[in-house]
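Q: Protein sequence lines, in the order shown, are assigned to chains A and B. So that you can map any letter, position 68 of the first sequence is 454 in our numbering, and since no number is skipped, the others follow by simple counting. So that you can map any letter, position 269 of the second sequence is 270 in our numbering, and since no number is skipped, the others follow by simple counting.
I should point out that these hints are in silico values taken from the structure, not numbers from a laboratory. Some hints here could point you the wrong way.
[Unchecked claim] Mimicking EDC-like on lysine to aspartate or glutamate, the simulated pairs with C-alpha atoms at most 20 Å apart in a straight line are:
#: 1; chain 1: A; residue 1: K885; chain 2: A; residue 2: D1006
#: 2; chain 1: B; residue 1: K3; chain 2: A; residue 2: E742
#: 3; chain 1: A; residue 1: K667; chain 2: A; residue 2: E605
#: 4; chain 1: A; residue 1: K839; chain 2: A; residue 2: D829
#: 5; chain 1: B; residue 1: K3; chain 2: A; residue 2: D675
#: 6; chain 1: B; residue 1: K3; chain 2: A; residue 2: E593
[Claimed, not checked] Here are some of the chain A residues that sit facing chain B, going by a computed Cβ distance under 10 Å:
#: 7; residue: A435
#: 8; residue: A515
#: 9; residue: M677
#: 10; residue: K692
#: 11; residue: L825
#: 12; residue: M827
#: 13; residue: A831
#: 14; residue: G832
#: 15; residue: K839
#: 16; residue: L1052
#: 17; residue: N1101
#: 18; residue: D1104
#: 19; residue: L1106
#: 20; residue: V1107
#: 21; residue: E1180
Backbone N, C-alpha and C fix where the C-beta goes; we use that ideal spot for every residue, glycine too.
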Amino acid sequence: MADSPVVTVHDRPNSYIGRSVPRPNVQRLLHGRGTFTDDIKLPRMVHAAYLRSPFAHADIKSINADAAKAAPGVAGVFTGKEIAELCEPWVGVLSHLEGMRSPPQYPMAIDRARWQGEPVVAVVAETRAQAEDAVELVEVDWAELPAACDMTAALDADAPVIHEEYGNNLCWERIVDEGDVDAAFDQAAVVVEDEFTFGRHTGVTLEPRAIISSWDPSEEQLTVYMSTQGPHMLQAIFAKHFGLEEHRVRVICKDVGGAFGIKVHTYGDEIATAALTMLLKRPVKFIPDRMESFTADIHARHHTIKARMAVAEDGKILAIDFDDLTGIGPYSMYPRSSGIEINQVLNLTGGPYTIENYRARGRVVFQNKPLMCQYRAVGHPIATAMQEALVDHAAQALGMDVVEIREKNLVPDDAYPTKSITGMPFDKLSHHAAKDKLLGMVDYAGLRADQEKARESGIYRGIGFACMIEVTSPSPMFYGVGGAPISAQDGVTLRLDAKGNLIVASGVTEQGQGAEAVLSQVAATAVGVTPDKIKIITGDTEITPYGGGTWASRGTGIAGEAAAQAGHALRDQVLEVAGIMLQSEPRKLDIRDNAVVDADTGNERISLAEVGRVVYYRADTLPKDYQSELIATRHHVPKKFPFAFTNGIHCSHVEVDVDTGVVKLLNYWVVEDCGTVINPLLVEEQVRGGVIQGIGGALYEECLYSDEGQLLNGNLADYLVPMAAEMPDIQVGHVTSPNSDSELGAKGAGEGGTGGAPAAILNAVNDALLPLGARLTVNPMTPERVLRALGKTE
Amino acid sequence: MKPAPFNYAKPSSVDEAISLLDGDATLLAGGQSLVATLNMRLSAPDLLVDINGLEELSGISVDGGTVRIGALTRHRELERSEVIAAQAPLIAEAVPLIAHPAIRNRGTVGGSIAFADPAAELPACLLALDGAVEIAGSGGRRKVGAGEFFRGLYDTALEDGELITAIEVPAAAGNQRFAVEEVARRHGDYGMAGVMASVTVNGETVEAARLVYIAAGGTPMLAEGAGAALAGNAIDEASIGAAQSALEGDLDPFDDMNSTAATKLHLARVMTERALKRIAGA
């Protein structure tokens, strides 16, 4: 390591920052030794299955479970009413989203089901198969009700009202009006207008949600094994709604097979599973199958937006004005609420550009479909696609190149710190540097020449750009301020053991993204050990410091900084006791490669193993008035800015088969600025994985519903996720603007790929179709929608 | 997603398998469609009769001018078979479009023909090649031509208590040209549209064309009008256009999640042009 070239300001002997160190958990997972929640078997464990509403909206007249209760292996059958007796309902609103409303939600439907897939009856049996057999024997007398499924029609005067006490289906409305929008449109040389539709889709984690709940009545202790992103949040929620003290709830999260924001909410079937263990006094496992996942996991993204942009003759953007409507299902999700996505759209749109006039309305609507909530890159793909499609549209109207119009409008790199028109404070962004770096990777002139030439033989290729900002590492301004039990701070405890190994415990969780690798690299660097000396512990509320977990690209920016600070503290402890042993001033010593060395010469003085041995076994050899400590905990919470914004620019190169409507992804480039890069390999894989999820939204993924609110494609044959054969190469470059709110300078990198890809691909497709007069403003861009835009089908 | 309880039998001969098909029994071959429907509880038979391992149902052979493919032959075997590549090039071209290697390793020819999905490649190939299905039942063995075998949506000439033992297709002749063109959302998905084309030529002139379309009706759809439009003509812009025009009468596509009937018809025309141009250029 000492011979490595300089990569970051954190370079020192024994630095692992900025280097692609292998993830510590990779070998275990590759050997098939992972422990996912479904791998865990507890003594006397039984299995739950849920009867779910077959209707989008229906009254439950009666339930007859006699036959189910008598079925082989059945341990118990419970209705929503019985579960509700153990558990307080919840309300998914945040107080800072002023005026938002949502009624109390119970774990399972009681008298009325409000979406197809809502849990209605819980059946517990010795095996999941027996539980499913018994579910078929439960008789429910349903009275189907008219449903409000279509989100735009849900606000019509004659739409069925889902919560009668509200009088209509509006959950929340927010209006932003800054500058003088009307005047700006009056002065504009060009006004472009589009109506966008973004399809409803979902997260499709490889490992579904998973929970085992185990109640010990002797200690009034609830232990929950769970595939989750927020163990402490779930601890608080279980405690609150079951009336337990928090220390009587332990949430353990072993390996997680992908989460993407799906596993950071309060699901009725999971809360009910905790009630089931209390009723039965036996551990209860519940693993939704893939069909259930499609109707019970959160969905995301469905928006319709009318938007327009005013532009001056020279390409200067004068104003943006849009009206966004999103349908969220019958309740706002708890505790994050279903208002954050549209709030992000209102906050982020136009963020890369200097814009002085801005008006937006966002409406959140109740409907009889599964709940919608935060999924990877919350709101970003919507905001970015709308904004970037309008920019391209304006460039076309002006006859200006799409890169040139961006150059004219991107916030100058020397303008920071600054604020967006919507009041978002930016620490330091680098739109121009990122664009310049991207143009160094993309042969833009070459692509344009190729495009021209290909058109002569009837081949339509397109180039699309997308500039974007990304919310990462949020402060308490995101959720805490709204009253949710979601911690914005996170902690890391470092302990040196008697052999000089470093035990690292953190409140963030590992969900496959490499959080443990980052913690290991930062701790190794800050203390002075090699990564093989490190053991990482995450995902257990009983033994890790309190923290928010893994969401909103916060692990590296927040827990990473806590690890750095804890590392400094532990290093000082080690050097203090080593100084005593060596009769040297601590400041003349350093720790490198698991040994205390002379700072000047690097000569080894004493190994960490020897320090550990003396401290733990031979403290009698140390001064009697001295007590050593080899453990340190530090927490970090963002204070200077509400969010550590990052920026990026994407470029997509596509070929559209104008006879079949199929979009082929030829190449893809991203330059992102996530501040200090701790592990380039992990950042680049986050970007690539994120882009691929964005490609899913752009081209493939959509939850299709009948008019009656029945999901039509709730399986992986019909719901199309992006697959390897269609994916382009994705080339990633970096610009580094360190986060000034931390020593490490890192920001998040988990969501920008997903946030930017739909915009870049939409623009690339429209660029390809430009000579044919076709324009798409819809995601996903299915072959049929492309053909329709081309006028080749009805 | 657990199947309802079922009984299981593993017969050691075709005759024993047939004897077990009395009652509410379903054959388990590759299981690539069946197991999903069992797990989703869309079907719940009393008895699964597992015919995997019946040697007499496997294998590819050529006898005179006929290629015989045992019902238990896996898609992967077709894909790798030199006999198929040489004697049934239409099938060789179509098989890589069937799902993914893991599915092709398990899925069987007989299963695909018996399931008769109108979007599946092998039923369309069988019809394009004017092949036949060998069927065994308690009443003996019989052979049904592909044209009579596919009756309607997932409906075939198979009677209760019968199973498919093999399919037969004529070996390719020197004056036959073949092409498969298909468009799917992703590689390996069921096609939104596609054509399996078998064209017999005499020099530049088409003697007969059997164009069979997937996802264009309740069964694999033989386009007789398009075939007639091509017969007696060279493959050129005019005859391709006439064949495309005839498809409106030949095909009966319906709306599905990916596309409307109108889109499918449009795509079928595009596939037609691509297949015929390839054949003309060969």
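Q: Could you run down the list of hints and mark each one as holding or not?
A: The hints, checked one at a time:
The hinted pair formed by A:K885 and A:D1006 meets the criterion: a straight-line CA distance of about 18 Å does not exceed 20 Å. This hinted pair does not check out: B:K3 and A:E742 have alpha carbons roughly 58 Å apart, beyond 20 Å. Distance check on the hinted pair: A:K667 and A:E605 sit about 12 Å apart at the alpha-carbon level, within 20 Å; holds. Taking the CA atoms of A:K839 and A:D829, the gap is near 15 Å; set against the 20 Å cutoff, the hint holds.
Restraint check for B:K3 and A:D675: the C-alpha separation of about 9 Å stays at or below 20 Å, so the hint holds. Distance hint between B:K3 and A:E593 is fulfilled; the C-alpha atoms sit about 17 Å from each other, no more than 20 Å. Below 10 Å, beta-carbon pairs count as interface contacts, and A:A435 has one with chain B at about 9 Å; its hint therefore holds. At its closest, the beta carbon of A:A515 sits 4 Å from a beta carbon of chain B; the interface hint therefore holds under the 10 Å criterion.
The interface hint given for A:M677 holds, since its Cβ lies 6 Å from the closest Cβ of chain B, which is under the 10 Å cut-off. Contact between A:K692 and chain B, as hinted, is not supported at the beta carbon level, the nearest pair being about 26 Å apart and thus beyond 10 Å. For A:L825, the interface hint is violated, since its Cβ never comes within 10 Å of a Cβ in chain B; the closest pair sits about 32 Å apart. Given the 10 Å rule on beta carbons, the hint for A:M827 is violated: about 28 Å separates it from the nearest Cβ of chain B.
Taking 10 Å as the C-beta contact cut-off toward chain B, the hint placing A:A831 at the interface is violated, the least distance being around 32 Å. Among the interface hints, the one on A:G832 is violated; its C-beta lies about 28 Å from the nearest C-beta in chain B, farther than the 10 Å criterion. With its C-beta approaching chain B no nearer than about 22 Å, A:K839 sits outside the 10 Å limit, and its interface hint is violated. A cut of 10 Å between beta carbons decides the hint on A:L1052: the least distance to chain B is about 16 Å, and the hint is violated.
Taken as an interface hint, A:N1101 checks out: its beta carbon lies about 8 Å from the nearest beta carbon of chain B, inside 10 Å. A hinted interface residue such as A:D1104 counts as satisfied when its beta carbon comes closer than 10 Å to some beta carbon of chain B; here the least separation is about 6 Å, so the hint holds. Interface hint at A:L1106: satisfied, since its Cβ lies 6 Å from the closest Cβ of chain B, which is below the 10 Å cut-off. Taking 10 Å as the C-beta cut-off, the interface hint given for A:V1107 holds, the closest approach to chain B being about 9 Å.
With its C-beta approaching chain B no nearer than about 5 Å, A:E1180 sits inside the 10 Å limit, and its interface hint holds.
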